[in-house]
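Asks: So the chains spell out like this:
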Amino acid sequence: MTSKFVTRELLTPGPDGRFGDFGGRFVPETLVPACQELEAAFDAAWNDTVFRTELDDLLREYAGRPSILTECHNLGAQLGIRLVLKREDLNHTGSHKINSVLGQALLAKRMGKKRIIAETGAGQHGVASATAAALLGLECKVYMGAVDVERQSLNVFRMKLLGAQVEAVNSGSRTLKDAVNEAMRDWVATVESSYYAIGSVMGPHPYPFMVRQFQSVIGKEARNQFNVMFDGQDPNVVVACVGGGSNAMGIFSGFIDADTRLIGVEPAGGAAVGRGVPGVVHGMKSYLMQDEHGQVQEAHSISAGLDYPGVGPEHSYLASVGRAEYPSVTDEEVIAGFQLLARTEGIIPALECAHAVAWITKESPKIQGQTVLMNLSGRGDKDVAQMMSILGESPG
Amino acid sequence: MNTERSSFGALESRLRGARSSSRKILVPYITGGLTGWIDAIRAAAANGADAVEIGIPFSDPVMDGPVIQQASEKALRDGATPTSIFNELRTVDVQIPLIVMCYYNTVFRAGHERFANALCDAGVVAAIVPDLPLEESGPWCEEADKASIETIMLAAPTAPDQRLPRVVARTRGFVYAVGLLGVTGERAELATTAISMATRLKKITDVPVLVGVGVSNAQQAQQACVVADGVIQGASVVRRLLDDGPDAVGNYVAEVRLALDSQSIAAR
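Chain order of the listed sequences is A and B. Residue 396, in the working numbering, is where the first sequence stops; the numbers in between run on with no holes. Residue 1268, in the working numbering, is where the second sequence stops; the numbers in between run on with no holes.
If you're looking for bench data, these hints aren't it; they were derived computationally from the structure. Each residue gets a CB set at the ideal place from its N, CA and C atoms; glycine is no exception. Misleading hints may appear alongside valid ones.
[Claimed, not checked] Chain A regions said to be covered by chain B (calculated; three or more residues, Cβ under 8 Å): (1) 14-25; (2) 60-68; (3) 148-155; (4) 218-224; (5) 233-246; (6) 286-293.
[To be verified] Result set (DSBU-like, lysine-lysine): computed pairs, CA atoms no more than 35 Å apart in a straight line: (7) A:K160 <-> A:K366; (8) A:K114 <-> B:K1146; (9) A:K160 <-> B:K1074; (10) A:K114 <-> B:K1203; (11) A:K109 <-> A:K220; (12) A:K109 <-> A:K160.
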């Protein structure tokens, strides 16, 4: 069977760190040796069975992998599709972020680093980082935009309970983009003793590649599980939300060579692929929301985790060659999707994942009878307070 | 100690000239578009600066600490753009070389060739792009070379010995010795890395070596110049411009100039 898709291959970037035209290593000179060192350390670790066994053990016995697939019979029937969720929300700490953080924290220890730095938007990566640091005996500092500290106060407290230091970032738009800036400034000053655990498939090479490799466990499991559930068939469509894009790359990586549509859903107010043009920020060349002078624009999304004007470079590549599609949905559609999954299936999704629900709902008339696999990358507990203020005390 | 280049651009000729007359080089940094910035350039030139570095404000300045971040945000709020800064620069009539510091997306968005030509048209002779390391610098340097814009490369304390010769081979104008591990901003004392970085570079190149990042006052400038050919001062200059205006920049540059000159005389 020949594929209708141009690209069926998962790229491994060369020394220039490129996915097609995208990626690279646009960092201050101070950080170049650190990135080179990390590239070599990751390569050695990834090919070392001792490291891989240790990571697999942690993923199984600590994070709770493999995560299950759940078919949504009620919502599927309502929409006229067969809808299956990959339940990353059931991982320890409540999202897919733990997959990458356990890998990165193990790598940090292997590299002799005593301290990890992380940025966070919704707080999920911050919580995962604080968790891994507590488990592995590392010091942890998390940068979080002041706006996000406010709207995700529950996660801030969780990080503190886990022993991490949380710093509210007051520069720029005071969201994820500025948290990344501040984390990079910390890293420039502490590069010899600290490991920067980037939370998504973004940043300078090797981060986009490395984080994808750590998240590829999602796609690998999901494809096998789906094949078992559907008699050897692959899904017609795989859907995930995209901010930086790590949960999407994680699940896409398992289906890149399948005859499956790959859909990355962006927030309308932070549609880097949909509305951006190529640019360079945070160490990478990728699609970026920016003005005519190259000033990075502020994203505006109801979901702190997707409130980011850029996107991981591999997504830019997949978009540029037409292998994946990147539609967007509005905040209103997201709120409706959030409520819909809760009511019909008894599952409260993270607001990030509600973007994927919203797209599936909207698209359902065009994909009647098809099989749809959605990555439910996080649970919605963290968003309950925010939704209460939006919907009122009796959401009806 | 030999350089492979036989001719030098406007900036490098000027700085080599200063060095051969035993003058230590002083380069103040001024954020473009900040209230009073053009007068601050004039004041710096009149009070002994050898060149001026003009920062083009950027939304995400990852190499800058709080003072220059604040200056960038203020300039952007006041409507500064690369174009408005170039237009104003054309009106500056100082007799010292002008250098531009900008983050790479500013260059990339404009296009390499277009940006290099815009710098030329504005009377700028050199550029510092702090998030464009050696490995990524090829396409920009090619266009900059064609337009006779000298691209100044940074050398950081984290660089292993085998990396530094490649950095100095590609730099034009001078080599920017990053004085410490960290972002721009004033520090109570000069970091030991400032001296060690300058020493490592002086051993392998005759291109002028200037120390920047964390050189915070006249005394620290003197200390750095025991080894280095000169200094770049950013946050200490911008803070004065923010707080007290262009005259304060002039007074400060005069103070550092005097300190460096008295040191040169003492060393003779």
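Asks: Going through the earlier hints one by one, which of them does the structure break, listed in rising order?
Replies: 2, 3, 4, 5, 7 and 8
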